[in-house]
Structure formats: C-alpha cells, structure tokens
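**Q** The chain contents come next:
Number of protein chains: 2
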Amino acid sequence: MRETAPREATRQETAPPYPRTDRTVPTRSADRASYDRDLVHAILDEAYVCHLGFVRDGAPVVLPTLYARVGEHLYVHGSTGSRPLRMTGRAPEGLPVCLTVTHVDGLVLARSAFHHSINYRAVVVHGLAYDVTDPAEKRAALDALVDHVVPGRSADSRPANKKELAATAVIRLDLTEVSAKLRTGGVNDEPEDLALPHWAGVVPVQRVYGTPVPDPLLAPGTELPSYLTESTC
Amino acid sequence: MRETAPREATRQETAPPYPRTDRTVPTRSADRASYDRDLVHAILDEAYVCHLGFVRDGAPVVLPTLYARVGEHLYVHGSTGSRPLRMTGRAPEGLPVCLTVTHVDGLVLARSAFHHSINYRAVVVHGLAYDVTDPAEKRAALDALVDHVVPGRSADSRPANKKELAATAVIRLDLTEVSAKLRTGGVNDEPEDLALPHWAGVVPVQRVYGTPVPDPLLAPGTELPSYLTESTC
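Chains as they are written, first to last, in the working numbering: chain A, 712 to 944; chain B, 712 to 944.
Because the hints were derived from the structure by calculation, they are not lab data. Heads up, some of the hints might be wrong.
Copies of the same chain look alike in the list, so a pair counts if it works inside one copy or between any two.
Claimed, not checked - In silico lysine to aspartate or glutamate, DMTMM-like type, Cα no more than 25 Å apart, as pairs:
#1 Lys874 to Asp904
#2 Lys874 to Asp733
#3 Lys849 to Glu875
#4 Lys873 to Asp756
Let the hints inform the model, and build the full structure from the sequences given.
**A** The following block contains the structure:
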C-alpha cells in the first residue's frame, strides 16, 4: 500500500480503488494488499500468462493460459474443446473462476531462514467467467490477446478466418472482485540477527527476451518488425 | 512427448512414468502432455513459485506461493494464519488442491493470428494436501524450501527457532497424479500462409538474475557467497 498511496491519492477521482471483499482481504500480511486500480492494471498488463482456477467434480484445477485486459474485462481463449472453456460454454449463469497473475522481482535472502522471502507483484481476480458469443466482442478479444503478448502484432498478421473463429472459444471475466498483493524492498531480519556472518540482501529477478529466431520458411525480404526490435533490446 | 521419448525409453526401469488418469489426460493437445518422471522433476526443480489452487465456499482460489520438491513429495509453507494452510490443518482427511508450475520459454509469432502461441513447460499436480506435523519432516521441508530457491542457502542461515517453527505451517502434496504439458519448437502456420509478408518466428524468453544487492546493515567483511556468484553469472 505504501508504494501506491501517493498515486491513489492524486488519481482517486478518475480511478477509484476496487472494493474490499471477504475474498480479497488476505488473512495475513494485509499490509501487502492493494486495491489500487492503476496498480492492478499495470501488473496485469505486464504479464500475459495467468493461472486460471476452476472447480471440477469438487476439486480445484489450475491451468496456465494466455489472457488480455480490455478496460475492466479480462479475456481468455482456447480451443472449444479445452475443459474450462467448454465448461463455461455450458454455464450460462457463469463459471466460478479465479485468475491469478504473478511477477517475481527478487529473491530476498535474510540472515535467518525464517525471513527468507520473494519480492513479487500478484493480482488475484475472483468472479464468474462467461462465454463470449458476440462476434464483434470475440474478434476484439482475440486481437487484444495477440497484442497483449506483442503490442502491434494483431495488425501485422492474418486475422482468424471463419473456421478458426469457430474453433476458438473466448471467455470473459470482469474486474470487480480484485486485489493486488506485493512485497518490495529489502531484508527484514530480527535486530538480534544483524551481526550474524551470513550474507543478506536481494537478488533481482527479471524476464528478458532473446534475439528473435526467424522461421526458416520466411518469405524472402521479410524484415524483423520494429515492434520486436524495440521490445527485445 | 517427442522430446522425451528417448530418455523415457532408456530410463523406464529406474523411473517409471506417472500413470495417466482422467484428470491428467488433457481434452486437447494430448500430444503435448508427458508423464515422464524425470521431465516432471526437472520442470519442478527449475522453478520455485507455484500457483496453488483450492476450493473455498464452492469457488476456486489460486495463490502464488513457494514450494520445494523432496523425492515424490512437494512442500508448501506459510504462516499458520494463511487460508490454505489453515484449511489443510483443519482437514485431517486432506485438502483437495491443484499445484501448477509454469515456465515461459518463448513467444511464437505465426503469420496467422490463430497460430500464435507460447513455448512453455508446465506441471500440474492434483491431490490432497496434508498438514506436516512431524517435527523432523517439517524441519527438512523448511530447509528444502530455502535450498530450492538458492541451493546451499539453508546451511548458510540461522535455522528457525521454536517460536518461528510454531508460526510456520507446512503442507505436503504427493506426486501421484501428475502431468507435464509443453510446447517446444517453431511456428506451425498453414501451408497457404507461408508466402504472407508477416514476420514469423520465435522470441526466446528467459528468467535472469541481476547483481545481488547487499543489505546495508551487513556485518563488516561479509563476502558474497559462492552459491550466489555462480548462479547469477
């Protein structure tokens, strides 16, 4: 909360925080939770793989999948045959899901084993997923899914044809019951441990992109697009 | 499966694959699934943050958390006050969970929007989580959790004292119902799209470690340990 307080204060009128609910207030480390809308959007926009949870036969299932944010909606897509999408298609009342996105930013090495930790930023979204049947919304969601991974890419690829659209299911989850949880900063050792001879500190963790590897069958003269040279520098 | 076939064939006697179950055979892209024990272990050992799913009031909850593997057991720890750990402590019959680990290895940019994909390696574990009450198993699990993030670290930090042990809950999930799912390789465009002028290929994605940032209160003369200089090169 500390990190985002100034931004929340100045932007409150345009972006009110998400409401706290029983499900979004953690039972521990509540000081690490945030409901700041801009912060939640930033965490969601920086990643593209989420972990989607749903319940099947009373047991939880968690699958990694791509997602995209469009305003206050999240979209997930997949084959019409995939389980959560098929289950959503059969649930006009909505399928209860939990969509979680996590960035790992650092390893926190304390002098004591107990205070070892991870610097991270996570967003947890609770809600009902609905099958997207409106053709225009479905197309826009598919463009957003491609652009969420590589901004500008949907305009530089062949759009889905009828057959491909029919084979693809899209589900929507609204950002209504949402929280961010994050740990930032350094080591929190006990005062009596400070003199111990163990190294303590933070090892930064980052996701980096390597040099793009072109498809061997690329049409002659096809240049690497600028949106890739810029994002992979 | 293709990638692991030779290894599976030669090591079958020492490491039989995990059995296929209704929950571990995907409804789509079954060719991307693997039950190879060594492959599953390798994917689990390379990461340290998983997404743990459980059911609360009939709805799924997915939380990021650290984990460690010890043989065919996975361990997760946390405050005794955290929800899934508290729920497990109150469920002597075991809490149904799903633990998922995902590595993103590359962005696959196809000429067609439809064939865009991600190269990834994931492991999904279904099962019952049990509260670890045996003191020796709990201590070993806590050491494994620290060493899973930074190998060798548990021996170079102050072990948990009685109060810290009492404040920490550890749960165990056995590797019995397990599958890996992975996509590797290049672009799979339709033959009729190959001449399109869009760039296609794979952008590699990697997790890298930055220069360790020492705690400002480090005891004088404390050197960066060798297990950090080696892992962060």
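**Q** With identical chains, the pair Lys874 and Asp904 could be close in the same copy or across copies; at 25 Å between alpha carbons, which is it: within, between, both, or neither?
**A** Between. Shortest inter-copy distance 15 Å satisfies the 25 Å Cα cut-off; intra-copy 64 Å does not.
**Q** Should Lys849 paired with Glu875 be assigned to within, between, both, or neither, using CA atoms and 25 Å as the limit?
**A** within (12 Å within a copy, 51 Å between copies)
**Q** My question is about Lys874 and Asp733: at a cut-off of 25 Å on alpha-carbon distance, are they close within one copy, between copies, both, or neither?
**A** For Lys874 and Asp733, the Cα distance exceeds 25 Å both inside one copy (43 Å) and across copies (29 Å).
**Q** I want to check one pair: Lys873 and Asp756. Are their C-alpha atoms no more than 25 Å apart within a copy, between two copies, both, or neither?
**A** For Lys873 and Asp756, the Cα distance exceeds 25 Å both inside one copy (29 Å) and across copies (42 Å).
The structure fails to meet hints 2, 4 from the earlier list, while all remaining hints are met.
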